[in-house]
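A.B. asks: Taking the hints into account, I'd like the entire structure generated from these sequences.
Residue strings, one per chain:
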Amino acid sequence: MTAATTASDRTVTLREVGPAGRGTRPDEVVVAVSPAFAGHFTKTIVDVPHVEVLRQVLAGIEEQGVTARIIRVFDTADLAAIAHGGAKLSGSGIAVGMLSRGTTMIHQKDLPRLSNLELFPQSPLLDAPVFRMIGSNAAQYAKGESPQPVPTRNDQMARPRWQAKAALLHLKEFECIQAGRPAVEVEPVFGRVGSRPLA
Amino acid sequence: MTPVDPGRSPARLVVGVDIGNSTTEACLAVVAPEGSITHLATDLTRTTGVKGTPDNTEGALKAIRGALARAGRSAGQVETVLLNEATPVISGLAMETITETIITESTMIGHNPTTPGGEGLGVGTTRSIGELGEQQPGEPVVCVVPHGWDFDDVAATLNAAVAAGVDVVAAILAGDDAVLVTNRLERPIPVVDEVSAVEKVPLGMLAAVEVAAPGRTIRTLSNSYGLATVFELDPVQTRQVSPVARALTGNRSAVVVRTPTGDVTDRRIPVGELVLHGAGKTLRVDVDAGAEAIMEVVGRAQPLDDARGEPGTHVGGMLAQVRDTMADVMDIAGQPDVPVSEIAIRDVLAVDTFVPAEVRGGLAGEVALENAVALAAMVRTSRSRMQLVADLVSEGLGAAAEIGGVEGEMAVGGALTTPGVDRPIAVLDLGGGSTDAALLTREGECTAVHVAGAGELVTKLIDSELALGDRDVAEGVKWFPLGKVESFFHLRHEDGTVEFVDQPLSPHVFARVVVLTPDGPAPVPTRHGLDHVRRVRREAKRRVFVVNALRALRQVAPGGNLRALEFVVLLGGSALDFEIPDMIADALAPHGIVCGTGNVLGTEGPRNAVASGLVRAHAALLAEEARCRSR
Amino acid sequence: MQRGACHSGASLRGPTESEPALSASPPPELTTADYPLSINRPELLHTPSGKPITALTMDAVVSGELSAEDLRIAPETLQLQAQLADASGRPQLAANFRRAAEMTAIPDAEVLAMYNALRPRASTAAQLAELADRLERAYSAPVCAALVREAAEVYARRDLLARPTADVG
Amino acid sequence: MTTTEPRPSIRTELLESRPVNLDGFVEEWPEKGLVAMESDFDPAPSIRVEDGRVVELDGRARADFDFMDTFIANHAIDVASAEASMAIPSAQIARMLIDPGVSRGEVLAVTRGLTPAKVLDVVKLMNVVEIMQGMQKMRARRTPANQGHSTSARDNPIQVAADAAEGALRGFAELETTLGVLRYAPLVAIALQVGAQVGRSGVLTQCALEEATELELGMRGITAYAETISIYGTESVFVDGDDTPWSKAFLASAYASRGIKMRFTSGTGSEVQMGNAEGKSMLYLEIRCILMAKGAGVQGLQNGSISCIGVPGAVPGGIRAVAAENLVASMVDLECASGNDQSFSHSSMRRTARLMPQLLPGTDFVCSGYSAVPNADNMFAGSNFDTEDYDDWNTIQRDLQVDGGLRHVREPEILQARNTAARALQALFAHLDLPAISDEEVEAATYADSSNDYPLRDVLADLKGAQSVMERGITGLDLVRGLETTGFHDVAQSLLNVLRQRVSGDLLQTSAVLTPDFTPLSAINDVNDYAGPGTGYRLAGERWEELKKLRHVTSATNPETEVG
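Protein chains in written order, with our numbering: chain A, 63 to 261; chain B, 898 to 1528; chain C, 2 to 170; chain D, 15 to 578.
Any given hint could turn out to be false.
[As the list claims (entries may be wrong)] Label-pair ranges, simulated between beta-carbon atoms:
no., chain 1, residue 1, chain 2, residue 2, range
1, B, P1401, D, D78, 50 to 60 Å
2, B, R1424, A, E78, 38 to 48 Å
3, D, T571, B, Q1232, 51 to 61 Å
4, D, D405, B, Q1232, 45 to 55 Å
5, B, G1426, A, P211, 14 to 24 Å
6, D, M363, A, R215, 24 to 34 Å
7, B, F1386, C, M59, 49 to 59 Å
8, C, M59, D, E402, 31 to 41 Å
These are calculated hints, taken from the structure and not from any lab test.
From the three backbone atoms N, C-alpha and C, an ideal C-beta is built for every residue, glycine too.
C.D. replies: Listed below in structure tokens is the structure:
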């Protein structure tokens, strides 16, 4: 490819900007990430860097002309709780919830917690283009449009290859839970390896 | 109804059985000697085999047994089974696409991406983003970005080029990145994205990129004189590019590249002739002339004796197949052969439609709505195998079975049991494959016609015009009203009313256009809005049922004059539709006709007309006999 | 105690040539040698509607004499199988069959409703107590009732009861 | 000397490309329960009984019991013998398990009084061969058997019927199905039942669904048994699954009250997979499940990690732990359907090795779902073995002279069975006024391999038909009547005989299956009487002759021909 840099050069840190509040803009999607996302962990189960996950989800939202707000959750690593919590804070009622290993869910505030709009349970099958589509779909739901659900893939042999690693990552993420600590709004600070992050 | 008096000469248990194209209906009744009728039960089942053939026996027996079970009677008590004189009707459907849009030399990009970037018009020479560094300052450039470029890198590269003095006026992107890139540019430019075949964009050519503000459409590239201005065209050249302008009308974004002989053409696809025999004439019409022309010729060949299409075309194939199926159906061992002349196409309905099709030579999967003609045809023979069915039913049930009357007459008879109607009465049976009409005059004369095209054609039109590719979904769109799920707790009906629900709706219908089935809302997989889907649905119904209602009624109306009709009763499965009866009634109202959905026996709705008509006719016969005896 | 809980259907059965009606005599003491009952002791087996198992013939099916009810297990049969489970050293299996014998009288939908009521945080203490009482009173099901009461006690200790809703109190 | 770039050897490259390296492996993390069976964080065995009541269990006082402790203490442990059994050194109990001189009954007299930690302490002493020796004796039913999956990626009932018929003919004693589109369940369950009875009379069928529908199909006599009743080893995961030991025990009785055979499902790894192992080893938690099942009075258990096999499969000793969990189920006298039912490894060698601890000693069901359809059609997300492995399986049985429940069947018989199953279903659907099955579909079913080999069905019509089966209240009896009146007398009779079994309750006893002549065969009348070499189930006589046959065996009489 002729791209000037490869994706792996990029870095991201999530800078806390304050407590996570309820949004008022109807044109926003909340992206809610788990305790260890882009912190303790830096990439998904199949080594997609979190910076790329975040860039693509945000790009998918931005391309639809919708704004995004990122929230980090500390007190749970349960995807439904993260995504639903995010949706309740979202001005549009739509949120994308993400775990460090890549498992992702689009949620809506009026749905029961254990339901969802779209769920991507097979973290080993999620790559950058899928994350872009997830962001795009979330933004389209926020606009009241009817996006075609992102095609889900399936692989019977994912179990022998990834099941145990997924469990391990899940346990590690649980370790990062800080019970009782409220969610915070964060700002992504993107940078390049070897260069100072642009503030 | 008069109660049966068992003391007098015995009342008779009779069953009227109507074998229709799709359903078989039974009407069980006790007929007293003087002709009074006590209705006991009705039943309805799927018709087995093609109507009018021995395969019908199974369904007929099933309907009879079903009615008997409901009434708690046994087969042994039945005196007579009355069957309708039904002639086989076989219908077929075919569609021909008759136009094709072709782009040559990659002249134009008109796929209308949902999220283009920037706004305004940029005219310059196409250059690949990789070559921007070598570009001399001054000359306006339209930057072409292939697959694999990240949006941040594209923006950075364009900003750097502009800073170096390169006059970048617009960009064409492979990925869905237009908003992302424009948001990051220091100098805003129009950007068109999602051009999947971006590598085919000719480089080094003069090109114009236009993006309109959200909610608006382009003004320059969709205007022939706008193109002439941008590309400094002479009148001859302007005439040549006018198809380009037309193709881009209504878009929010577009790209036009000026190449030596580039062109957009709207080609007609020859799909051969339709040859119609009738009224002692042989008339020919090109299928690609469209429905209006075809129907005009069909009108001149009435009554139609046969029709044939070009071998190798969909229409030709369909017409041949319909005929072959009929020949197979009538070919029964031990029965006299049916002359080929009797197996002929007796009606044709052509409907103009359109099908979304990918444009040949397009760079971004452009889709054009191509014109198409849908054709329904019908074969009918006067040779019935009903006597065979009657024999088999008699054998299977252990009761006498006879042909009790002709279908159209019986339908009228049954329809007369609808409260509030009187002679002259016409019935319209809105079926799946054909639309049938029958008229009973004040004097008791009955005439009947069958015309091609009914419910199945409607489904096909909906399916292709909405590009659903799924007959079942199209059926759903046809049968049920639409709604839009606006939140988990409310949906907006197609009439604009809002309905709130207590239980949250399922996530799979969230924010979707849905059909409101009895089992709850079901999503319609389309990007079109509710209004568009509704329009397509109603148009399809109008073009088939309203057109056919008028066509069929004119054929039975004395002198073809609709004003001579007084009561029109709608029967058949499609009479249960939630809007077709109203649409037909509206169309007939100007002719002073009372039109509505039948309510046979005051209880059965538009069902069971023929079956109960058979019982009525039988009762009348018995009464007549009784009168003769008593004299 | 179990022996007293005879099914009312017994009287419908009428006398058979070899076996007196079940209500007239206590269930036989079975040993593992009696298994399988369908082969070794078919005379002990009846449907809840009182037909002997030998009446479940193809002719009876085709003529419509049999209904789905005839293919259910009778509580007496479950008690017999409980004896066999005890005789083969499986007291828990036997206890399960005894609960099952009690449950034959409960309609399908209510069985499912009761199961749902036993899910975590689905019922209040009062609701579970009511369920146990209903099992005992309406269905003469003391063994099932005991299981529900035990659950209620454990649920209370482990915070698995539904909290009473606000409007109730 | 020049420095070279580090590069892999050609051999390393070759090894890297071996399928086994596509499998995932992880290090142990005992603190979080990511450990197979040897963890310092598992409790030490202990018991105290007061007034006929367990007041302390594995170091925990009754007041501190979680609900698993409570249920096990109240229902699973025999208080009369518990203190005596717990006093026996673990090594001695382990020896009893493998000592041919100690009968199965004598072992059971001890195990009924053991706590979960004590059971773990016993099996931790056993290596995999000893585990197999134990299984050989402790398996409840003398005769081993196998279970198959018959599903379709398109939920095509004709495929399910044809593959069920072939599977039954090849030897599966039980057949299980499930759905992609759940609403298809009634049609597919009917197809499975019809196909199974065509293939071999007396085969038992089930349809894995959510509890309510699964129970309803069973109550109606459309299916014969149930299996997907999941239980878990920690309270938090159990509650997460919206159940408790009491709700599941109630459900077990509900099935029995309708005369329906049923077993629970559990397996190592599920708790750690859900992130709530409470720091206990996978096997310890599974033993808690097994004793909970025992206490509920359910006759059997499907275990062997099942859908979590990737977790124990990735840690050291994990497959030994899986073999041990099967043994524990058998040593507390439960029927054991022993896993081998989920896609496990990219490596054929590893897939086979994982099977040995169940195949060699024999279990009640060696696989609790051998895929009797190609894995791509397996709606349980793929099994450890599928239709491609039939000949390998048969050859392994013949090589080692072990009975894995299957056999080689000649092509004409298979085609006959598939064709009959499809025709029977065609006739039955027509009789019941369900969406028609065409002759073309019957033809396809006769020769097909996968769902791609069948004409597409009208799904909407099928779903309407499926719904009407439920609405019209169609039962097993209607199926019998339909098959009889359409001339499929044998199939009808066979299904009627299966339905009659629910009146007798004989299939409710431990490890029950039905022989082709409808004799219930269970741990009561087919007791495992293994007592050392030359005793117990031996592959001999007619059955051994059957298993000697393969697809290609050169004739000794005339080496220019093949027998079989």
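A.B. asks: Are the hints correct? Go through all of them and say.
C.D. replies: Hints, verified against the model:
1. B/P1401 / D/D78: 50 to 60 Å: violated (40 Å)
2. B/R1424 / A/E78: 38 to 48 Å: With Cβ atoms ~40 Å apart, the hint holds.
3. D/T571 / B/Q1232: 51 to 61 Å: holds (59 Å)
4. D/D405 / B/Q1232: 45 to 55 Å: Roughly 54 Å apart at Cβ, these two residues keep to the hinted range, so it holds.
5. B/G1426 / A/P211: 14 to 24 Å: holds (19 Å)
6. D/M363 / A/R215: 24 to 34 Å: holds (28 Å)
7. B/F1386 / C/M59: 49 to 59 Å: Since the Cβ atoms of B/F1386 and C/M59 sit about 54 Å apart, the hinted range of 49 to 59 Å holds.
8. C/M59 / D/E402: 31 to 41 Å: holds (39 Å)
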